[in-house]
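**Q** Residue-level listing of the chains:
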Amino acid sequence: MLDLKLYMAQRISAMIMGPLVLGHLAVMIYAIQGGLSSAEILSRTQGSIFWFVFYGTFVIVVSVHAAIGMRVIMHEWLGLKGVTLPLFTWSLCLILLFMGARAVTAVTLL
Amino acid sequence: MKAPARAHPLWLAFMLHRLSGLALALFLPAHFWLLSLALTQPQRLDSFLQFAENPIVKIAEFGLVLLLSVHIFGGLRLLALEFMPWSHSQKTLAAGAVGLSLFISTIFLLQAL
Amino acid sequence: MQQTNINTLEVTVQRGTHDAPQDEIFQVPAYENQTILDVVSWIQHYADPSLTYRFACRVGMCGSCAMMVNGEPRWACRTHVNKVLDKNKMHIAPLRNLPVIKDLAVDMDPFFDKWIQAEGKHHPTQTRNDPIAPVQPETAARVEANAGIECINCSICYAACDTVAGNPDYLGPAALQRAWTVFNDAKNESKQVILDAVSGASGCHNCHSMGSCTHYCPNDLDPMSAISGLKRETAKAFFKGRTNA
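Chains as they are written, first to last, in my numbering: chain S, 1 to 110; chain Y, 1 to 113; chain E, 1 to 245.
Think of the hints as simulated: they come from the structure by calculation, not from any bench. Since this is a predicted model, take the numbers as computed values, not measurements. Please note that a few of the clues may not be correct.
Here are the simulated distance ranges between beta carbons [said to hold, decoys possible]:
#: 1; chain 1: Y; residue 1: L79; chain 2: E; residue 2: N219; range: 25 to 35 Å
#: 2; chain 1: S; residue 1: H24; chain 2: E; residue 2: I6; range: 27 to 37 Å
#: 3; chain 1: E; residue 1: P131; chain 2: S; residue 2: T57; range: 54 to 64 Å
#: 4; chain 1: Y; residue 1: L79; chain 2: E; residue 2: H123; range: 30 to 40 Å
#: 5; chain 1: E; residue 1: H123; chain 2: Y; residue 2: A23; range: 43 to 53 Å
#: 6; chain 1: E; residue 1: T139; chain 2: S; residue 2: V27; range: 48 to 58 Å
#: 7; chain 1: S; residue 1: Q33; chain 2: E; residue 2: K89; range: 50 to 60 Å
#: 8; chain 1: S; residue 1: G56; chain 2: Y; residue 2: G96; range: 15 to 25 Å
#: 9; chain 1: E; residue 1: G16; chain 2: Y; residue 2: A23; range: 31 to 41 Å
#: 10; chain 1: E; residue 1: R232; chain 2: Y; residue 2: T106; range: 31 to 41 Å
Idealized CB from N, CA, C, for every residue including glycine.
Make the full structure from the sequences, and use the hints.
**A** What follows is the structure, encoded as structure tokens:
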């Protein structure tokens, strides 16, 4: 159920996410050395514009990417179609955007 | 009617990519919710992080990193397959590179644990 | 795999209509050299004349005998019994993803309708009064087009594709491969018309590159790569702002 526009959104969000994911993996591998605490996380990310932009972008593209991916699964495996399909896609995108924005704000701009 | 036999590699790659994406999409809201606890209930976040020292959780984390690596390198393979007008043997090389990257990332993870 | 000690094959055939399918078991004598077409013909000749099936050339040229054998789409006339026997059993069914008319005969209309929908038809640039335009066989576009022109519309790729199974509107590998061959034809005019036809909700972007089409094509064609070509071209057009989608 993907037309050209949805396909391009999926591929472009994937390409933007590539370096972001690799960065996130690297950061995690570094950060979890010797245990992890919220104080430790926050001391690194609080007030950081860089992490805000990094993870903020990440949240936006992953919300788009996951919503479109789930759209395909809902259609091909669960037969969802008609108006419920875009409804589901947009809802998932907005939920992820909202929750992700909250998480990013919690960690960078407190 | 019986479903078609699907042992061929490209189909397995497709299924792996789809299932890893599904798992990550289901994990994501939980991940966001947990992090936003830093905003509202930091003590709860801390107690969770302490609990996360448990080896079972470490294994689950490794599983997540594996899913992420599988999904992203599978995605890169897809992008190469679709957008690069390469020959078939080069695509096999791409698949090999994917496998290698997965192996390397797993090694790194084991180091970190 | 030599099955020299087998005398009788136990052949399960899916019969009936689309809404009321029913498996029926036949005991078929085994022969030294036997294809699935031989098996099905034997059933119709000696066991049950009401068995419906299609074939024509019986030498792997026409594609009429395509059906599911042990869950895989194959040409009955080019599938040796030895290759698919499980002890002495096999399962034969009509092609997947198409409506069943009766027994092993499916309705090919949706397949051909999508062939047309994908705009895989010639858009001429000249008239009969113009001199014949030469086509250079070594050009990259012609080589690309040639890779797909031997499709005989047997629908095996369509039956093999899980995306077709999950998305009944999806145009499918054969139709899209044809669109790609026409797109690359030097004499064809309206390239963007083709790209628009394959960029809709049922178009080439639904393909997940699982490759079952290429895996099962009896003519060794590669619809998956053809579809990748369409994805590349539609993406290019997208970035140049030429899309009408």
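**Q** Are the hints correct? Go through all of them and say.
**A** We went through each hint and held it up to the structure:
{"no.": "1", "hint": "Y:L79 <-> E:N219: 25 to 35 Å", "result": "28 Å, holds"}
{"no.": "2", "hint": "S:H24 <-> E:I6: 27 to 37 Å", "result": "59 Å, violated"}
{"no.": "3", "hint": "E:P131 <-> S:T57: 54 to 64 Å", "result": "57 Å, holds"}
{"no.": "4", "hint": "Y:L79 <-> E:H123: 30 to 40 Å", "result": "31 Å, holds"}
{"no.": "5", "hint": "E:H123 <-> Y:A23: 43 to 53 Å", "result": "46 Å, holds"}
{"no.": "6", "hint": "E:T139 <-> S:V27: 48 to 58 Å", "result": "49 Å, holds"}
{"no.": "7", "hint": "S:Q33 <-> E:K89: 50 to 60 Å", "result": "58 Å, holds"}
{"no.": "8", "hint": "S:G56 <-> Y:G96: 15 to 25 Å", "result": "35 Å, violated"}
{"no.": "9", "hint": "E:G16 <-> Y:A23: 31 to 41 Å", "result": "39 Å, holds"}
{"no.": "10", "hint": "E:R232 <-> Y:T106: 31 to 41 Å", "result": "33 Å, holds"}
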